[in-house]
Structure formats: C-alpha cells, structure tokens
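Spelled out from the first residue to the last, the chains are:
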Amino acid sequence: MSSRETILQRLRNRTGGELTVPECDFSVLARPDWPTNERIERFEKLIESVHGEVHHVSEDSWVDRLAEVLNTRGARNLLVPKQHEIGQTLRAADRDDLPELLIYDEPIESWQAHLFNEVDASITSTRGGIAETGSLILWPNDDEPRLMSLVPPVHIAVLKASELYTTFHEAMQAQNWAAGMPTNALLISGPSKTADIEQTLAYGVHGPKELIVLIIE
Amino acid sequence: MSETAEHTGHHIDVKEFHPRAQAAIHNPKIRKNFRSAMDGLMSKRKAAFEGWDLETLRELGANVRLRALANLPDLLEQLEKKLTENGIKVHWAVDGDEACRIVRDICKARDAKTVIKGKSMVSEEMELNHYLKAEGIEALESDLGEYIVQLADETPSHIIMPAIHKNTGEISELMHEKTGTDLSNDVEYLTASARQQLREKFMNADVGVSGVNFAVAETGTLCLVENEGNGRMTTTVPKCHIAVTGIEKVVPSMEDVSALLALLTRSATGQHITTYFNMISGPRKAEELDGPEEVHLVLVDNGRSSIYQDDELLDTLRCIRCGACMNHCPVYTRVGGHAYGTTYPGPIGKILMPHLIGLDEGRHLPSASSLCGACGEVCPVKIPIPDLLVRLRQESVDGDNLHPAKVRGHGAKRSSKEALIWKGWAWMHASPGIYRFGTSAATKFRALQPSKAGAWTDYRTAPKLAAKTLHQRMKERGQ
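Protein chains in written order, with UniProt numbering: chain E, 1 to 217; chain V, 1 to 479.
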C-alpha cells in the first residue's frame with residue numbers, strides 16, 4: 001500500500017468514530033465599516049508603526065512626489081511595470097528629474113545578478129489595501145513579477161484610496177478569492193524586518209529596507 | 001556553547017531533561033535572555049488583542065481548526081487535487097525518514113547540490129539538514145534566527161524565535177568566528193552582514209525548501225507567514241521549491257485562513273500581521289518571468305494520524321504553532337527551550353512530543369509543568385493543554401482504563417515502590433480500625449518523623465504532623 005493510502009486509510013478508519021463538525025461564525029472578524037478617510041488614517045498609522053512611509057498624492061501629483069522621494073534617496077534607477085499605467089505614465093512623462101527607468105521584461109535568469117546588485121528601487125501597483133492591519137495586496141504577474149517587490153532595497157507601491165478595505169476577510173470576499181488564486185499572491189505590511197537578535201528590530205534583512213506607499217486620493 | 005552542545009546532532013536525549021533543566025536554572029545568562037524576551041512578548045500579545053472580542057475570536061479559531069480536522073481525509077484529497085490542477089506535485093510521507101527521502105530524490109533528479117531553507121518546524125522534526133548533508137547536499141537556513149542557530153550547530157530553542165537564547169554579544173562572537181564579520185553589538189550591522197552573506201546563497205541555490213502555515217484545499221494555496229523576506233526569496237529565486245508540512249495544516253478555505261492569521265501573529269509576537277503573508281498556488285507559468293519552475297508539497301504524517309485516533313488527544317492537532325504557550329509558561333521562561341531536548345519545547349511540546357517519541361522517552365515532559373493553566377488560557381485555538389498534561393501524566397504512570405492507551409510507552413514512569421505505597425494508603429483508609437491505629441500512632445511518634453522526604457524536600461520544608469488527629473479534636477469539641 002502506498003504511503004498516501006496508508007495515511008488516508010488510518011484517518012478514515014478512525015477508532016474514535018465520526019467527528020462533529022462545528023459551526024464557524026466569522027462575524028467576530030468584522031470591524032466597523034469605517035469611512036474612507038478613517039481607513040486611510042488607520043492604514044497610515046499601522047504601516048508607519050512598522051517603518052512604512054505614506055505619501056498622500058493625487059492623480060496629477062504622484063509623479064512629482066515620486067521624483068522627490070527618489071531624489072532624496074539618490075536612487076540611480078527605478079524598475080517600472082511595462083504594461084501597467086504606472087509604467088506607461090512614467091515613461092511618457094520623459095522627465096529629467098526621474099532616475100533611469102528599467103523594465104522587467106525578460107526571464108529572471110538572464111539578469112538576476114543585475115537585479116540583485118544594481119537596481120535601487122522599484123514601483124508596483126496594488127490590488128488594494130487593508131486598513132485594519134496596514135497591509136498592501138499584491139498579485140504579481142508577468143508585468144510585475146514576484147521579485148519586483150522583494151529584491152530592490154526600496155519598494156514603492158501605489159494604492160488607490162478607493163481600494164482600501166477594512167479587513168482582510170472583507171477584501172478576499174469582495175475580490176472573490178475563493179474563485180481562484182494567482183500563482184503567487186501577497187500581503188505586504190512594511191519593509192522586511194527581523195527581531196531575531198535579542199528582540200531588537202532591524203529593517204531590510206532580506207527584502208526591501210524601505211516601503212513607500214503613494215496613496216492616490 | 002557548552003551547555004547546549006550535548007544535544008545537537010542527530011540524537012537528542014530527552015531523558016536527560018532533569019540535569020539539563022537544573023543546569024539551565026543555574027545559568028543566569030540563559031535565565032536573563034529568556035526572561036526579558038518572554039516578558040516583552042507577553043505584553044505585546046496583550047496589546048495586540050486590545051479592542052477585540054478575544055474569547056469569541058478564540059472560539060472561532062478553535063472551531064475553524066476542529067472543522068478542518070473533522071474533514072481531514074477529504075480535505076487532504078481535495079488539497080491534492082487542487083494543487084495538482086495548479087501544477088504543484090504532491091507527495092505523501094508516513095514518517096520523517098520517508099519525507100527526507102522524498103526531498104532528497106527531488107534534489108537528485110535536478111542534480112541539486114545546494115538547498116536554501118526557510119523556517120520549518122516539520123523539517124526540524126525530520127532532521128532534514130543532517131539527512132541532506134549525509135547525502136552530499138548542503139542545506140543552509142535563511143531565517144536569521146535559524147541561520148545563527150545553524151552557525152552554532154544547535155537546534156532552535158523557540159519555535160518562533162529560534163535564537164532567543166543568545167544575546168547580541170554571543171551572536172556577534174559567533175558570527176565573527178564563523179563568518180569573519182567584525183565584533184560588534186550593533187544589531188543593524190550584524191543583520192546587514194547576514195543579508196550580504198545570504199544574498200549570494202539565494203542566487204546560487206538549486207532548491208528552496210520551506211514550511212507551510214496553512215494549506216488551503218479550496219484553492220490549492222500554500223500560505224507562509226514571515227517578516228524577513230527570506231521565505232519569499234526561498235520560494236521564488238531557486239528553480240525548484242519544495243514545501244513540507246504536517247498533514248494537519250490543511251484548512252477548507254481562504255476564509256478560514258483570515259481567522260487563523262488574525263490569531264497567529266498577534267499570539268506569537270504581538271504583531272497585527274507579519275510583513276509578508278505569502279500565498280503560493282503554483283509554479284511559474286509560461287508567460288511569467290520569475291518564480292520556481294517546479295513546486296512540490298510533501299505531506300508528512302509522522303505520528304499525526306495516530307494522534308488523530310483519539311478524541312481528546314486530537315486537540316493537539318489544532319495547534320497553529322504560534323508559540324504563545326511557551327511565551328507564557330513559567331517553566332519554559334526559566335529553563336529555556338533547549339532543556340527539553342525535543343523539537344517542540346514548552347507546553348505544546350510537552351503534549352505533542354510524547355505522541356511523536358512515546359512516553360518511554362518523553363516521560364518527564366508532562367511533569368515539567370506547574371499546571372498553572374497559562375498555556376491553556378492564551379492558546380488561540382483553545383487547546384486544553386493542562387487537561388492533556390494531566391491525562392499524559394496519568395498514562396505515563398499507570399495507564400487509565402477509561403482511556404485505552406494511545407500513546408506509546410504507556411506506564412513508562414510507573415514506580416513499583418510508589419505504587420506499593422499508594423496501595424497501602426488505600427488499604428489503610430478503607431479499614432477504620434487500622435486507620436485509627438495508624439493515625440494515632442503517627443501523632444504519638446511524630447517526633448520521629450524524618451525531616452527529608454526525597455526530592456520533595458529539596459525545595460520545600462517537610463510538613464509536620466499535628467499533635468492531635470482531626471478525629472481526636474472533633475471528639476474533644478463534643479461533635
């Protein structure tokens with residue numbers, strides 16, 4: 001008998017007999033339905049408490065703010081999506097106060113060393129955020145691959161205020177995650193951190209040292 | 001460190017619990033490191049649940065886990081089907097050795113020489129690193145705490161914070177000695193050095209191995225909770241990702257995950273959520289530009305299906321590995337994780353390990369508790385740890401006819417001398433004449449009572465018999 005059958009048979013022929021299935025009431029997860037401004041406020045408070053940085057911008061002003069943010073950090077380059085309007089807008093802007101714009105349009109194998117060693121910052125879109133925990137929802141795809149939000153030391157995420165949910169539970173229901181998930185989905189709540197050395201917080205241990213959120217209101 | 005060196009390597013001698021606990025109690029450094037860490041974690045947990053209806057939330061957590069366990073075989077089949085549809089290969093292992101062989105075979109098929117690992121307690125259970133090393137495959141831990149523990153050739157002393165037993169100075173010396181970094185008490189510097197050392201390894205590793213926090217049957221999704229990003233690196237950069245998990249980690253839906261995630265991180269470290277919550281539902285698709293080409297899941301039984309047979313012991317399988325029970329345990333806080341000599345230390349270890357290794361080896365574990373109840377009170381999924389400790393204590397001494405023994409080594413702690421004393425005690429109390437004679441003789445000759453009564457009086461004063469028995473005093477009062 002295969003291990004699979006052995007295990008399943010042991011579980012099926014349980015000596016204790018059938019187990020009762022309890023009811024699960026998820027209403028305890030609900031938070032008050034905060035208005036958008038309160039969601040923004042809570043999101044900001046939470047993500048700043050774990051070293052995230054929030055900038056309030058508009059459709060017209062976000063590129064200016066991005067340029068400032070990158071300039072203060074002396075970023076030499078910025079990895080942008082190829083298709084997404086964020087990337088389109090940035091490339092079309094043709095501004096000289098933006099660093100060199102890079103595109104992730106070939107398989108990682110051909111430029112891994114460059115990504116790990118030479119890229120200073122990246123910018124990605126989000127599928128919304130979660131006010132209660134200060135989290136961003138990302139579904140990487142071929143336009144914004146998984147490593148874009150992980151390898152460069154500075155990750156900038158664009159969040160539309162209208163897509164800010166109250167709780168994770170609400171977000172996954174509203175976006176119908178049960179219908180199917182992408183190969184990789186993420187909640188990101190701050191820059192990479194560790195407290196493994198004597199409970200002392202240090203940021204940027206393996207992923208980005210900085211997470212900057214541009215909230216478009 | 002000499003006090004921990006003895007139980008690294010393949011064989012862990014659980015029986016040496018008492019001398020190790022003694023040594024830990026008398027080691028001020030160990031006590032200080034644990035004390036300060038656990039105090040902080042307790043207050044952080046409390047703060048994180050402020051404004052929550054914690055009791056109702058724990059109730060939901062318990063029910064979500066129970067519901068999953070009630071449907072375990074069906075859920076595992078559904079998970080396998082869904083994962084396979086998503087392109088993830090599923091393997092089944094009855095024990096740790098088989099799981100190790102599966103991992104090895106996947107590595108060999110890819111001609112892999114190096115493995116980078118995210119944190120996984122199941123892989124500790126399997127002693128995977130030792131196994132792979134013997135097979136000529138280098139396995140490197142990438143979680144900073146695990147990395148430190150591996151540099152020191154030790155095992156984790158806490159399931160969430162593996163290197164909590166060491167302070168910054170010790171870590172600095174270790175890293176200096178093993179990796180050549182400068183001696184420094186600057187945690188930022190030490191962390192940055194580890195980042196540098198591991199980045200190379202992420203880029204060059206052939207295979208990434210990770211654990212799983214929740215496996216979702218409905219969507220075929222493997223969920224990983226972490227702060228550092230090493231878990232994402234491990235599961236994204238190498239061309240092959242192998243996840244290993246206990247069979248009990250499966251849940252029906254993403255909705256269940258939302259409830260458990262809310263409890264897990266707050267209970268563990270007092271965080272509302274961790275930095276990364278990583279949901280993996282498949283290998284890289286043709287059009288995608290990164291991610292592993294192959295994803296495998298190894299479902300490990302290793303004694304779990306045996307725990308599953310018994311209605312009470314089954315509660316142990318609800319565990320979501322948050323570590324809150326150890327953070328709040330007065331025994332764990334004083335002796336630290338290494339004293340137990342087991343993969344899982346602390347209260348959950350005291351009930352889980354006897355299942356996995358048997359009571360003959362783990363007979364001291366259920367007794368290493370003051371039964372204060374803190375572990376049961378903080379458990380996010382309401383595992384009745386104190387009740388299970390009592391039951392295992394009972395089983396370890398005499399077995400209980402009410403519960404057909406489910407744990408190997410039933411009666412391993414039984415002492416015939418102790419049994420005889422209790423037999424005599426019962427006989428005396430059942431015979432009024434002998435009882436009266438015995439008690440009056442005992443009070444008469446109370447001056448001869450010894451002042452030492454074995455281990456009991458090592459830390460306590462022996463109780464003195466009263467000058468008169470209760471019966472005599474009641475008689476004098478005319479009642």
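It should be emphasised that the hints constitute simulated quantities derived from the structure, not laboratory data.
Be aware that one or more of the hints could be misleading.
[Said to hold, decoys possible] Calculated pairs, EDC-like style, for lysine to aspartate or glutamate (alpha carbon to alpha carbon, straight line, at most 20 Å):
| id | chain 1 | residue 1 | chain 2 | residue 2 |
| --- | --- | --- | --- | --- |
| 1 | E | K82 | V | E200 |
| 2 | E | K45 | V | E287 |
| 3 | V | K32 | E | E198 |
| 4 | V | K29 | E | E198 |
| 5 | V | K44 | E | E106 |
| 6 | V | K406 | E | E18 |
| 7 | V | K413 | V | D398 |
| 8 | E | K209 | V | E287 |
| 9 | V | K113 | E | E198 |
| 10 | E | K82 | E | D142 |
| 11 | V | K285 | E | E118 |
| 12 | V | K285 | E | E18 |
| 13 | V | K285 | E | D143 |
| 14 | V | K382 | E | D25 |
| 15 | E | K82 | V | E294 |
| 16 | V | K201 | E | E118 |
| 17 | V | K113 | V | E294 |
| 18 | V | K239 | E | D142 |
| 19 | V | K201 | E | D25 |
These figures come from a predicted structure and were not determined experimentally.
Quiz prompt | Hint numbers not upheld by this structure, sorted from lowest to highest | solution = Violated: hints 1, 2, 5, 8, 9, 11, 12, 15 and 19.
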